[in-house]
Amino acid sequence: MTLLVGTRKGLFSLERGRNGWQIGSTDFLGEPVTAAVVGHDGATYAALGTGHFGSHIWRREPGAKFVEVGAPAFPERPADATDVSPMTKTPWPWTVQLLWTLENGPAARPDELWCGTVPGGLFRSSDRGASWELVRSLWDMPERTSWFGGGYDWPGIHSISCDPRSADTMLIAISCGGAWITDDAGATWAPTHGMRNEYMPPGEEYGPIVQDPHRVARCAAEPDVVWNQHHNGCFRSVDGGRNWTEITERPPAVFGFAVAAHPTDPNTAWFAPAIKDEMRIPVNGKLVVSRTTDGGKSFQVFGDGLPSEHAYDLIYRHSLEVDATGDTLVMGSTTGSLWVSENAGENWTTVSANLPPIHFTRFV
Amino acid sequence: MLGAMPTVSFTANLRRHVDCPAATVQGSTVAECLAAYFEEHPQVRSYVLDEQARVRKHVAVFVGSEQLTDPAAQSDPVGSTTEITVMQALSGG
Numbered sequence: 001m002t003l004l005v006g007t008r009k010g011l012f013s014l015e016r017g018r019n020g021w022q023i024g025s026t027d028f029l030g031e032p033v034t035a036a037v038v039g040h041d042g043a044t045y046a047a048l049g050t051g052h053f054g055s056h057i058w059r060r061e062p063g064a065k066f067v068e069v070g071a072p073a074f075p076e077r078p079a080d081a082t083d084v085s086p087m088t089k090t091p092w093p094w095t096v097q098l099l100w101t102l103e104n105g106p107a108a109r110p111d112e113l114w115c116g117t118v119p120g121g122l123f124r125s126s127d128r129g130a131s132w133e134l135v136r137s138l139w140d141m142p143e144r145t146s147w148f149g150g151g152y153d154w155p156g157i158h159s160i161s162c163d164p165r166s167a168d169t170m171l172i173a174i175s176c177g178g179a180w181i182t183d184d185a186g187a188t189w190a191p192t193h194g195m196r197n198e199y200m201p202p203g204e205e206y207g208p209i210v211q212d213p214h215r216v217a218r219c220a221a222e223p224d225v226v227w228n229q230h231h232n233g234c235f236r237s238v239d240g241g242r243n244w245t246e247i248t249e250r251p252p253a254v255f256g257f258a259v260a261a262h263p264t265d266p267n268t269a270w271f272a273p274a275i276k277d278e279m280r281i282p283v284n285g286k287l288v289v290s291r292t293t294d295g296g297k298s299f300q301v302f303g304d305g306l307p308s309e310h311a312y313d314l315i316y317r318h319s320l321e322v323d324a325t326g327d328t329l330v331m332g333s334t335t336g337s338l339w340v341s342e343n344a345g346e347n348w349t350t351v352s353a354n355l356p357p358i359h360f361t362r363f364v
Numbered sequence: 001m002l003g004a005m006p007t008v009s010f011t012a013n014l015r016r017h018v019d020c021p022a023a024t025v026q027g028s029t030v031a032e033c034l035a036a037y038f039e040e041h042p043q044v045r046s047y048v049l050d051e052q053a054r055v056r057k058h059v060a061v062f063v064g065s066e067q068l069t070d071p072a073a074q075s076d077p078v079g080s081t082t083e084i085t086v087m088q089a090l091s092g093g
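Protein sequences appear in the order of chains F and W. Read left to right, the first sequence gives residues 1 to 364 (my numbering). Read left to right, the second sequence gives residues 1 to 93 (my numbering).
Simulated from the structure, these hints should not be mistaken for lab results. Among the clues, some could well be false.
Restricting the straight-line Cα-Cα distance to at most 30 Å, the calculated cross-link-like pairs of lysine-lysine (DSS-like) are [as the list claims (entries may be wrong)]: (1) F:K89 <-> W:K57; (2) W:K57 <-> F:K9; (3) F:K276 <-> F:K286; (4) F:K276 <-> F:K9; (5) F:K286 <-> F:K9; (6) F:K9 <-> F:K65.
Okay, chain W solo, but in the shape it has when bound (with noise of 0.2 Å):
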């Protein structure tokens, strides 16, 4: 497909706290993708990732249908069509 992107979109729990609308991003891993959306939207940086740079621990990624397989580097690759999503892991009570 001609100028197709990977996607970026968050669940809407997380849009609750921080303006993070869905959005197509530039890159060939999740790290890139990710680290392309924050480019534009820094705030929701520490709502994803810790201060390692890691994936948060009740935080789980999306990758088109499959689980994130790198939390702490996000290496995982990506397609020109690839949709990222991330989604809260259930926790607490």
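So here's chain F without its partners, still in its complex pose (with noise of 0.2 Å):
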């Protein structure tokens, strides 16, 4: 197994040796590396935000150098389109912005990608990322204009999950722009409920449009179970996020931006809890991660081996993953520290507190 780490100064490599984990290779030292993924076909595929130079996607064959190869390009903003933010009334790029997050296709299509960005736009890649296409039918839905940014200054398609039961269904997450399902390959899409906003004006709490999960995890023996840390606090459907149920309990916070899915416990997930929305640091400066083995009914937490006074590290998005047994957790952080677990997240042992900000972690 190998622990793939995505940074602001590029993407390292980490493999478990008789001394714990440790780099073992590095690629693109001094580039953002913003997603990666291993594919159905075996090899890696990085994608680079060059800053300067746009955003671009690498392809790694076992074995091989990285080669570039196509990325997600939006077409050209018709003359008469009529996109703003609802907040600032500036008209919507349809430029890449941030390649945000890579994932793969369902088992039965293996040459499949897919691509979330900042602009919120949806990628296919039928090729092995050799082109990319956007998918049209959610960026031309009219609620999409609705959308609005988060941390950036625009929405962006942060989470991507194939349901491995069925090859067409899709359940896709936005910051904000809530979470939406095709069951159709991306023909049309539904919006889900249930998440609240408490944040947005009395009676609107509940849009489906205006919600912002920050991250949604699937249970891959159980899809139907879906956890999502939400701007607001802690959801998890037991529909393959059709429908949320807000879980209002969770020490030491409800805020956060990752949750890991257990593998096969449909009942387990992690979280790393910051304060709140307005105040993005560990609660008392001690980092902990919370889990819930019984549905999010309550909870354990858990900071053995985590730095306890004047940490300040945020777990984002993308940087708490669980590896395919359960028991091995890794968590990196804006700050650039590292830590895995190795008994589901009960202790946790520091790989590195020296790294550039992480971007992602993934088990490959």
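With the hints as a guide, bring the two chains together.
Encoded structure:
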């Protein structure tokens, strides 16, 4: 098993040796690596945001070097387009600003890859990344123009989850644009219900289009169970994300960005809480992981091996991941610390405290 | 000068990402010169221009010693000996 860690200054590949997890190789040193996935074909796909020179995708066949392939690109913005930000009234940019997530398509279509971007574009490749096509059915929905930016100026698609039981069913989540499901391979999309945004005006709290799910994660073995770390708190679904139930009590706080779903146990998930939206640091400067093993009815809080005072690490959306056994977890922070747990989150070991800001972690 | 043509060259910072040797091209505007260059080196295009064919926000183009005045359409005229230089603007940390 290899652990990929994407950072603001390169991609790091870690292996488990006799003395624990260590950095084995580095790629793209100095460059922001914003997402990566290992495809059904065994190739590694890495998304680069070069800052000055746009976003690009590189592919590495097993044992070979990375080579650049195609990258998502928006079509020409029509002269009569009227899409503007609901907040600033600025015209939507039809240009990729961030390749935020890369995911595989269903196993039945092994050459298929998906990419979510800022602004909120969903792109599909059917040829292992050589070419990409904007999913117009989503982009052209009138509701899209109601989405708004969260941490970025424009909304973005950060979570893409295929249903392993049905090649044509997919759940996506958008900050801030709710979560949407297709059952026909992206031809049509339906909003999902039950998320709550406390900060919206009275009567608008449950509007499905204005929700800010920070990250959704599906139980691989029981795909109807999906966890949702939302801006406003924590939610769980038992019908594939179509309806969400709020979990209002979670120590030490319900705010956070990341969630990891146990691969086989639908009642177990991990979260990395922070104080609240206007105070995005660990509670009391103590970094912890909250785990439920009963479907969110109760939580255990684990901090052993994590910094216990003056810790200001934030665990961002794609930086709390679990392996296929459910025993090994990795957590990376915006201040460049990386920890691993090999007993389901109960104890943690520092792998590095000196990495660049971490964009994502992924076991492959 | 008989046979003189505009040239296009790139900052070394871009050469780290993509093969972009300096070249002479035909064209009477920066847009035409860049289009001619991208015809020969298609992979370079998306590093310099965005999807709407504008010069990327953090890319600077010099026409001789002057900054490009029309990053949206690159209509700036070029002469037969003009050197077009693609640089990066300063940003980030």
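Quick rundown of the hints versus the structure:
At most 30 Å may separate the alpha-carbon atoms for a hinted pair to count; K89 of chain F and K57 of chain W meet this at roughly 20 Å. Taking the CA atoms of K57 of chain W and K9 of chain F, the gap is near 21 Å; set against the 30 Å cutoff, the hint holds. Of the pairs offered as hints, the one joining K276 of chain F and K286 of chain F holds, with about 14 Å between alpha carbons and a cut-off of 30 Å not exceeded. A hinted pair counts as satisfied when its Cα atoms are at most 30 Å apart, and K276 of chain F with K9 of chain F qualifies at roughly 28 Å.
In summary, the hint linking K286 of chain F to K9 of chain F is supported, as the alpha carbons are separated by about 26 Å, within the 30 Å threshold. For the hint linking K9 of chain F to K65 of chain F, the alpha-carbon distance of about 19 Å falls within 30 Å, and the restraint holds.
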